[in-house]
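Trainee: With the sequences and hints as input, model every part of the structure.
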Amino acid sequence: MSFQTPITIRDALDRIHRHDYVLPAIQREFVWRPEQIARLFDSLMQGYPIGSFLFWSVEREHVRQYKFYDFVRDYHQKLRPHCPPVDVPAGQAVVAVLDGQQRLTALNIGLRGSHAQKEPRKWWSSPDAFPEKRLYLNIAADADDNEGGLTYDFRFLSEGRAQHADGHHWFRVGRILELADATEIFEYIQDAGLATNKHAFKTLNRLHAVVHGERLIAYFEETSQDLDKVLNIFIRTNSGGTVLSYSDLLLSIATAQWDHLDARKEIHGLVDELNATRFGFALSKDFVLKAGLMLADIGSVGFKVTNFNHDNMVELERRWRDIARALKLTVQLVADFGFSGQTLGADNALLPIAYSLYQRGLDAHYLSSSSFREDREAIRGWLVRSLLKAGVWGSGLDTLLTAIRATLREQGAARFPVEAVEATMRSRGKGLRFEEEELEDLADVAYGDRRAFPLLSLLFPFHDLRHEFHVDHFFPRSRFSESRLAKEGVASEARAEWIDRADRLANLQLLDGVLNKEKNAALPHDWLSRALPEPDRRAAFIERHRLGNVPDSMLGFPDFYEARRRDLLERLRTLLGVSEPAVAAASS
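If you're matching positions, the sequence shown starts at 850 in this note's numbering and goes up one per residue.
Note that these hints are calculated values from the structure, not bench results.
Worth double-checking, as some hints may not be accurate.
Unchecked claim - In silico lysine-lysine, BS3-like type, Cα no more than 25 Å apart, as pairs: (1) K971 / K1134; (2) K1366 / K971; (3) K1114 / K927; (4) K1153 / K1134.
To be verified - Label pairs and their calculated CB-CB ranges: (5) S1007 / N1369: 27 to 35 Å; (6) R1277 / D1212: 45 to 53 Å; (7) E1122 / S906: 34 to 42 Å.
Remember, it's a predicted structure, so these values are computed and weren't measured experimentally.
Built from N, CA and C at the ideal position, the CB exists for glycine as well.
Mentor: As structure tokens, then:
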């Protein structure tokens, strides 16, 4: 490995464009946020060092042995989150980037591409949820005072936002590639009406020097063609920085060592397919790769380098189709239980279920067959309780999963052995027995807590959760503002408690999505009378949902809340096998 003559950013981008510089299969996904890209450009403008790079020179006779990928240019969180494969022509040598992948990709996006990530509070499926933005620099003035120490005002903006300057002059950073020298910079400044703004010329001139003039890409080059050595270098040089997980390493090594399947394509494709199930999930490649370790019966399920040897990768590839099938079946099953990415509090809770379905070779028939109804209910009950019990899927996860796998292997040939699995969990301090204090905590679970959905599904198991159900406020949340409570005559000192209780379990229910939209902000008594005009049906609904005496005005909320909380707490004691405290029993 030797240090080479540094090159300019423009030179590096041109080499990326020609595919002289590529990414090896041992690569990390691009994970930088827009503000990190902006900070990189600010550092360059201020003359701060951005670190050296490490390149791997792959000789032409070895190129066809490996898979290579292009740098992301137009990043789109939904449509283009992954590095595209690149087909290197036969007989062409390439340089693969080992260290500096994130920085070079950030430069490529900032100068030649765009960035699109989901806007807050917009649906994933909405066409305007992912606006395309490009990197701009305000050349009219420096950045406002900020805690980050930024001098230059770099921002990712949509074209429309950049045109509405509001006192700024937003220069698209990529345009600096079109300006050859100081003369063209000055012509741009004049055309923009900034001829008297010395800061504008100084800023653009500095940007031009950073991109075209200064040799800022300082790099070492490794010439060995030994993949094992290169892997070791990659591990060592990428042990710090942004989000390098062992799943990145596993994916890289699998891609390099699978003979018949493209591991990167298979795993990314499976993640996308799993997340598209029913109402959507948020599973990651970490989850899929840990599932691969678990279902392929590889030693332990931990992301340890020793688990990533050649034999294990061969075994993972051999079993991959069946593993993928079992994972899809698992996610379909928990979707039938009503779960989604918003309500599944611990993704790894699915792994024992996946192993059980995989071990038994089950297919889609399992989801609907009456012969498996009892098994499905056993799995649902176990899953819900494990999600409600604090700390089960936290520390000691790999040891727990490995132990559960052994139990399933020994006792799970015909069914999901709930009792045996729980005994294994209990022996490792992860038992599913609840204490009274835990039930009190569950009785106060708030809207937005990921335990709310599984808790309500446990309390009210009669819903067909294959359809869309919402966690709904029985008394509408919109009626609990300070101003509206004041109009209702609620004392000022009581309003904070009312507002807090509006979001608690006793004011929540599972409601069909269509009904919830129809209900809107109606008071419970009015909505029930309108939606269920027949007295018998209305009474049955109230009883099934354990609503008790439904008041006809907001002022009845405190009594309703206290009564329903007591009722739900007693129901939880029955469902979770907790005896009523002696003091409470005596007083009742």
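Trainee: If you test the structure against every hint from before, which numbers come out violated?
Mentor: Checked against the structure, the only hint that fails is number 6, while the rest are satisfied.
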